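Engineer: Residues per chain, in single letters:
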Amino acid sequence: MPADGTANGGIGAATKRREDVRFLTGKGNYTDDINMRGQAYVVFVRSQVAHGVLNGVDTADASAMPGVIRVFTGADFAEVGGVPCGWCVTDKHGEPMQEPKHPVLAEGKVRYVGDAIAAVVAETESQARDAAEAVAVDIEELPAVVDMKAALVEGSTKVHDDLGSNLCYDWGFVEENKDAVEQAMFSAAHVTTLELVNNRLIANALEPRVAIGDYNSAAGDSTLYTTSQNPHVIRLLMGAFVLGIPEHKLRVVAPDVGGGFGSKIFHYAEEAFCTFAAKALNMPVKWTAQRSESFITDAHGRDHVTKIELALDEDNNFTAVRTETYANMGAYLSTFAPSVPTWLHGTLMAGNYKTPVIYVNVKAVFTNTVPVDAYRGAGRPEASFQLERVIDKAARELGVDPIALRRHNFITEFPYATPVAVEYDTGDYNATMDKLEEIGDLSGFEARRAASAEKGLLRGLGVNCYIEACGIAPSSLVGQLGARAGLYESATVRVNATGGLVVMTGSHSHGQGHETAFPQVVADMIGIDASMVEIVHGDTANTPMGMGTYGSRSLAVGGSAMVKATEKIIAKAKKIAAHLMEAADSDIELKDGQFSVAGTDKSVAWGDVTLAAYVPHNYPLEEIEPGLEETAFYDPANFTYPAGAYACEVEVDPETGKVSIASFAAADDFGNIVNPMIVDGQVHGGIGQGIGQALLEHAVYDEDGQLLSGSFMDYAMPRADDVPFYTVDHSCQTPCTHNPLGVKGCGEAGAIGSPPAVVNAVVDALQRAGHDITHIDMPLSPSRVWSAINS
Amino acid sequence: MYAFDIKRPSKLKKARKILKKNEGAQVLGGGQTLIPTLKQRLAAPSALVSLARIDELKGIRQKGDELIIGAASTHEEVAADGTIAALSSLAGGIGDPAVRARGTIGGSLANNDPSACYPAAALGLCATIVTNKRKISADEFFTGLFETALRDGEIIKAVNFPIPEAAAYEKFDQPASRFALVGVFVSQCKGDVRVAVTGASEDGVFRWADAEAALAENFNPAALEGLSVDPAGMIADIHGSPEYRAHLIGVMAKRAVAAAG
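Going line by line, the protein sequences match chains S and E.
Counting in the working numbering, the first sequence runs without a single skipped number right up to 1023 at its last residue.
Counting in the working numbering, the second sequence runs without a single skipped number right up to 265 at its last residue.
If you are wondering where the hints come from, they were derived from the structure by calculation, not from laboratory data.
Don't take every hint at face value.
Listed next, the stretches of chain E that the computed footprint assigns to chain S, with coverage defined by at least 3 CB atoms under 8 Å from CB atoms of chain S [what the hints assert, rightly or not]: (1) 173-180; (2) 244-257.
Here are the computed distance ranges between Cβ atoms for each label pair [as the list claims (entries may be wrong)]: (3) Glu-355(S) to Gln-44(E): 19 to 29 Å; (4) Pro-298(S) to Glu-60(E): 25 to 35 Å; (5) Gln-66(E) to Ala-683(S): 38 to 48 Å; (6) Gln-44(E) to Asp-411(S): 51 to 61 Å; (7) Glu-556(S) to Gly-148(E): 47 to 57 Å; (8) Gly-148(E) to Ile-1005(S): 36 to 46 Å; (9) Glu-357(S) to Glu-151(E): 29 to 39 Å; (10) Asp-411(S) to Glu-206(E): 17 to 27 Å; (11) Glu-686(S) to Ala-220(E): 51 to 61 Å; (12) Ser-245(E) to Lys-539(S): 40 to 50 Å; (13) Ala-220(E) to Ser-388(S): 32 to 42 Å; (14) Ala-683(S) to Asn-224(E): 33 to 43 Å; (15) Ser-141(E) to Arg-523(S): 16 to 26 Å; (16) Ala-220(E) to Glu-357(S): 22 to 32 Å.
With a straight-line Cα cutoff of 16 Å, these simulated EDC-like cross-link-like pairs (lysine to aspartate or glutamate) come out [to be verified]: (17) Lys-43(E) to Asp-323(S); (18) Lys-410(S) to Glu-525(S); (19) Lys-324(S) to Asp-264(S); (20) Lys-43(E) to Glu-525(S); (21) Lys-43(E) to Glu-365(S).
The structure presented is a predicted model; accordingly, all values stated were derived computationally and were not measured.
Cβ coordinates follow ideal geometry from the N, Cα and C atoms, glycine included.
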């Protein structure tokens, strides 16, 4: 690929985001901005108890209330499928996971606070809400299952009566390595053990979820407008598995999406409900989540309880890693939930280190809580956190420098096949660590520590590495691992007669800046200005089949499809140019939007060729068709492996336990960079979320399954003054070897790399102050830190 | 939100009349607690009587050695006043700019949220709460969690603050809401020392008598060394234990005394 197309706003240009003009001037078109003529409104009646037998739902009073069109209950969905799970994990005995039915509206039992019991459709939202309060629900409350380990005790109350237990699966990876790991632990010179919790989080996208179902009775077509990161996936899952609507009769539109962080990947019951009800009532049906409803219905993230052991020999070489994790699934299996603690987590347990044998055990558990699924990083933050924490603890136990211990064990030769089934194509972990030491001025730490001490504050330095597997994913590989979908991406490039391009892609932006970055790629290949390229996405009716946006995949996979489609365009355009200039195809060169005949001064402009394609008066019709439009699908050969090194400095107030982030530096290797400004923004946002997880955010349930942090009054989101000005660098670039752009992905890195840096820094600060503290569970709230200091 | 009528009288007497006539009517100050409550359908008043257009509730003025703050004064207005620096600083630390532009001192005191800041200032400065009926000393005004001495239909007109020789407010934020996990207001006024604590107690704002006695002897943070608050009766929630809150009272009190001195 051209190394520098910055002059035309191509690859490498820090172009400002064109979509921000509408986002920042109130001209965005979000799902809730869509209102259909004659639409009705739905309000869901939700369970207020975590677990109970649903003895009856009396809708008579509600149905008679003003404006009420119909009240639906679970019985109305008897002929309809359950909300499906898109990934089947096979357990360590070779058996498939336990997979309960997830009904659109509750059948027989309610299983979490927020479970939908009935749905009131009325002429106005207010009428629907009034009537929802009049639905009489008879629930016989059962004990709630909240704690994962208690859920697995023999005789525990079962979330799903038809399953043998609350265990979804017991996964071992790599099962064949289990004995070797045991042996390595036994013969190790030193074993460091750490028990920790990866705290449960709520995504809290700025835009709550919205769904609008519409039905055209004349054509028999259904349309769903929804807040989704992947409209085609919703069309496939809802059409094929829930409602039985073939894809050509179902259109899914996700217009502007205001943040997702994973929580808008999944197919939710409300989407199926609105699509179903629109047809049943022959009118558009709209649902907009209230914020408090989002807290108890959007899939939550993380929620792992882990014990990790790291074995080292007498030369401080890592000899084995063993980890045992309990992963909360919540009450039902959300779309990709089973894959998160397994294939997105276990495969990353090698980290940046040449540990020869690794064994990962994960027990996934059903509880009476909101379903848990992917959240920015999805499995990889959980892997990085435990590994980087245990390495830090080992360094402290052994009295060696944490950076030196890491460097000593770095993988330095690539490609590198890990003992956990993946092969890193490229990387240079010493280079990112060197860069980190430079940009973070780590050698100046002691002086800064002394300055903090003068203010009565304990300063600490936390350093860690991370690696992630992005560009999800090779379809044949994920198929073997249990995915019930392919994970390719597509692009259609349509060149107009006057030379402008429209690129239709199956990936979708929920804040990533695709409308700016993708044109940079395509324009760069042709040598035209990026403003000549427009992106269309988010509508299954006018984009080719695609798998959407998550797992830092859109540029690596979707961008690669665009490259392939554009290559086809260029190949055909060269044929047209050859005809126009009466030269051989093979002699045609394309540079800066001009086709020329090699070795001559003959040339035709891009626009002449595109015009000829659509006005084929002088055109090789016997050889090629008119028009200039090509589609390509790209299925990646491997994951990509972004990696980096992060440093965080904190100041701890020993009197109150309050932790302040004093500085944060990130040195990332994302391979090639298309738009460095967007990459900076992605890293900033990711670190902000990671600091949120490390210091503030926590979804807390009480023993009855009530969400105690069910509003922003109790769920602490990071605010601007909770985060520092970041120092980020992505000049260390080892391009990906297997995609045409050499890109790796940057969307999740910050959220993966930052939590261990923060916790390492706090532990460092406390240990330097003489406290015998080896770990504090996230979030490191003032009260937790104070309690640790004073216990 | 349930449907309700809204009345916007321009005279306090008219507001009183409307309240008398409409059973279930409720006074609306800045609405920073009431409106979210209505949105969640946790209250269903028949009517709201807004005080926003009543001029006699507005304005901040000094009269002798007192600062008289109209009940409808917003946090923003109090923050900008500066006559009592500690009070203005407290008001400027409530919520965010949007909250401060709407929320009022009268509304906050009448609501008496156990984590609100203003009750600490009123109690910590021995303010007088002036209603349409009477004058109530802050010592008598706060009667428990979300409870005050206000009777049905009684409306706060103004709050009279003695101007202290020294005062400061130190607040430790609850990480999510940024209400006071613990807030301590200390003042020295005509030889009288007060230490009022908000955010911590299950009974709402209270005076820390031991600290007041110690500081009356010696208004210096060192005077508080060795003093502690009994965790019994302190709030326990996901943000802090009773022990943590009791500890923070001591820390915040010392910092407030240091800031006041």
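Engineer: Evaluate each hint against the coordinates.
Structural biologist: Hint check results:
By the rule of at least three residues with a Cβ nearer than 8 Å to a Cβ of chain S, the coverage given for the region 173-180 of chain E holds, with 3 such residues. For a cut-off of 8 Å, the count of residues in the region 244-257 of chain E with a CB near a CB of chain S stands at 6, and the three-residue condition holds. A C-beta distance of roughly 23 Å is found between Glu-355(S) and Gln-44(E), which places it inside the suggested range of 19 to 29 Å. Between Pro-298(S) and Glu-60(E) the Cβ separation comes to about 41 Å, which falls outside the hinted range of 25 to 35 Å.
Distance hint for Gln-66(E) and Ala-683(S): a CB-CB separation of about 42 Å, consistent with the stated range 38 to 48 Å. For Gln-44(E) paired with Asp-411(S), a C-beta distance near 57 Å keeps the hint of 51 to 61 Å intact. At about 49 Å, the beta-carbon gap between Glu-556(S) and Gly-148(E) stays in the expected band of 47 to 57 Å. With their beta carbons about 39 Å apart, Gly-148(E) and Ile-1005(S) fall inside the hinted range of 36 to 46 Å.
For the pair Glu-357(S) and Glu-151(E), the supplied restraint of 29 to 39 Å holds, since their beta-carbon distance comes to about 35 Å. Under the hint 17 to 27 Å, the C-beta atoms of Asp-411(S) and Glu-206(E), about 56 Å apart, miss the expected range. Roughly 32 Å separates the CB atoms of Glu-686(S) and Ala-220(E), a value that falls outside the hinted 51 to 61 Å. Between Ser-245(E) and Lys-539(S) the beta carbon distance is about 26 Å. The supplied range of 40 to 50 Å is therefore violated.
Taking the beta carbon of each, Ala-220(E) and Ser-388(S) are about 58 Å apart, not inside 32 to 42 Å as hinted. In this structure the hint that Ala-683(S) and Asn-224(E) lie 33 to 43 Å apart at CB is violated, the actual value being about 27 Å. Between Ser-141(E) and Arg-523(S) the CB atoms are about 40 Å apart, so this pair departs from the stated range of 16 to 26 Å. Ala-220(E) and Glu-357(S) have their C-beta atoms about 58 Å apart, which leaves the hinted 22 to 32 Å range violated.
A C-alpha spacing of about 47 Å is found between Lys-43(E) and Asp-323(S), which places the hinted pair above 16 Å, so the restraint is violated. Taking the CA atoms of Lys-410(S) and Glu-525(S), the gap is near 43 Å; set against the 16 Å cutoff, the hint is violated. A distance of roughly 45 Å separates the Cα atoms of Lys-324(S) and Asp-264(S); the hinted pair therefore is violated under the 16 Å criterion. As the CA atoms of Lys-43(E) and Glu-525(S) are separated by approximately 13 Å, the hinted pair is consistent with the 16 Å bound.
The suggested pairing of Lys-43(E) with Glu-365(S) holds, with an alpha-carbon distance near 15 Å, which does not exceed 16 Å.
In this structure, the hints that do not hold are numbers 4, 10, 11, 12, 13, 14, 15, 16, 17, 18, 19, in rising order.
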